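J.: Residues per chain, in single letters:
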Amino acid sequence: SQKIEQNSEALNIQEGKTATLTCNYTNYSPAYLQWYRQDPGRGPVFLLLIRENEKEKRKERLKVTFDTTLKQSLFHITASQPADSATYLCALGNAGNNRKLIWGLGTSLAVNP
Amino acid sequence: KAGVTQTPRYLIKTRGQQVTLSCSPISGHRSVSWYQQTPGQGLQFLFEYFSETQRNKGNFPGRFSGRQFSNSRSEMNVSTLELGDSALYLCASSLGQQYQETQYFGPGTRLLVL
Chain A
1 SQKIEQNSEA
11 LNIQEGKTAT
21 LTCNYTNYSP
31 AYLQWYRQDP
41 GRGPVFLLLI
51 RENEKEKRKE
61 RLKVTFDTTL
71 KQSLFHITAS
81 QPADSATYLC
91 ALGNAGNNRK
101 LIWGLGTSLA
111 VNP
Chain B
1 KAGVTQTPRY
11 LIKTRGQQVT
21 LSCSPISGHR
31 SVSWYQQTPG
41 QGLQFLFEYF
51 SETQRNKGNF
61 PGRFSGRQFS
71 NSRSEMNVST
81 LELGDSALYL
91 CASSLGQQYQ
101 ETQYFGPGTR
111 LLVL
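Sequences listed follow chains A and B, in order. Residue numbering for the first sequence is 1 to 113, as defined by our numbering. Residue numbering for the second sequence is 1 to 114, as defined by our numbering.
I should point out that these hints are in silico values taken from the structure, not numbers from a laboratory. Every value quoted in this text rests on a predicted model; they were computed, and no experiment measured them. Careful: at least some of the hints might be erroneous.
Said to hold, decoys possible - Cβ-to-Cβ under 10 Å is the rule here; a few derived chain A residues that face chain B:
hint, residue
1, Ala31
2, Gly41
3, Phe46
4, Lys71
5, Pro82
6, Leu105
7, Ala110
8, Val111
9, Pro113
All C-beta atoms in this analysis are idealised placements derived from N, C-alpha and C, irrespective of residue type, glycine included.
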C-alpha cells in the first residue's frame, strides 16, 4: 500500500543552522509534492509545491528537492529561527483533478535560541 | 480577506450520537475539502465538494457525509459516532480550478467521542 515516511523523531537544532527534513514514499508515483507547516491548534499552512519534473524549488529561506528515483523529498530551512519551530508535513498528489492528497505524519522541529 | 472558518472549534459527544460540523471557505473559493487528522494516521482525505457536488471521495464509511451550499459553505456530518472518530476535523478551501492550487486550511474542529 502507499506509504509516506517522515522523520518520526523531533528535530532539535540551534538557531542559525540549517534544518533538513525528509519525506520518503513507497508504492506511489506522485505528480507533485507539497510541504506544509502546522502549529499547535491550527490547520496546516501551505509552504511549497514541487512537481515530478522539477528537481528543486526555493522560496526565501526554504528549499525543497524532489528525487523520483530515490522516492524522496528533502525540505531545508536555512538560517533557522525559533519562529520556525512547528510540525512540517509533506503531502503527495496525483495527476488529474483529484485533491486526494496522501499525507505524512509530520516532523516536529524545534529551533533553540 | 477573511480566512477559512470552522464551527464549532471543540465538541464532545457520546457514542451513537451524530454531529454536524461547519466550514465557511474564503470568499470566492468554490472547492471545500474535508480531512480527519489523528496522531496515528495523520491527515486523511474525507471528501471534496465543488459547486455543491461531491467531486472526490476518500475511503471512509458511509457514516461520514457532507454537503455544500450555493454560497460554498460546507457541512460535514458523522452519524452513529464511534470512539475512533475522535480527531481534529479540518476543512480546506481553494478556487477549485486546478488540482495543484494552494489549499487554505481552517483551524479545525476538535471532536472528542466518549
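J.: Hint by hint, note whether the structure agrees.
T.: Quick rundown of the hints versus the structure:
| no. | hint | in the structure |
| --- | --- | --- |
| 1 | Ala31 | holds (8 Å) |
| 2 | Gly41 | holds (7 Å) |
| 3 | Phe46 | holds (5 Å) |
| 4 | Lys71 | violated (18 Å) |
| 5 | Pro82 | violated (22 Å) |
| 6 | Leu105 | holds (4 Å) |
| 7 | Ala110 | violated (18 Å) |
| 8 | Val111 | violated (22 Å) |
| 9 | Pro113 | violated (27 Å) |
Going down the numbered hints, you'll see the structure goes against 4, 5, 7, 8 and 9, while the others check out.
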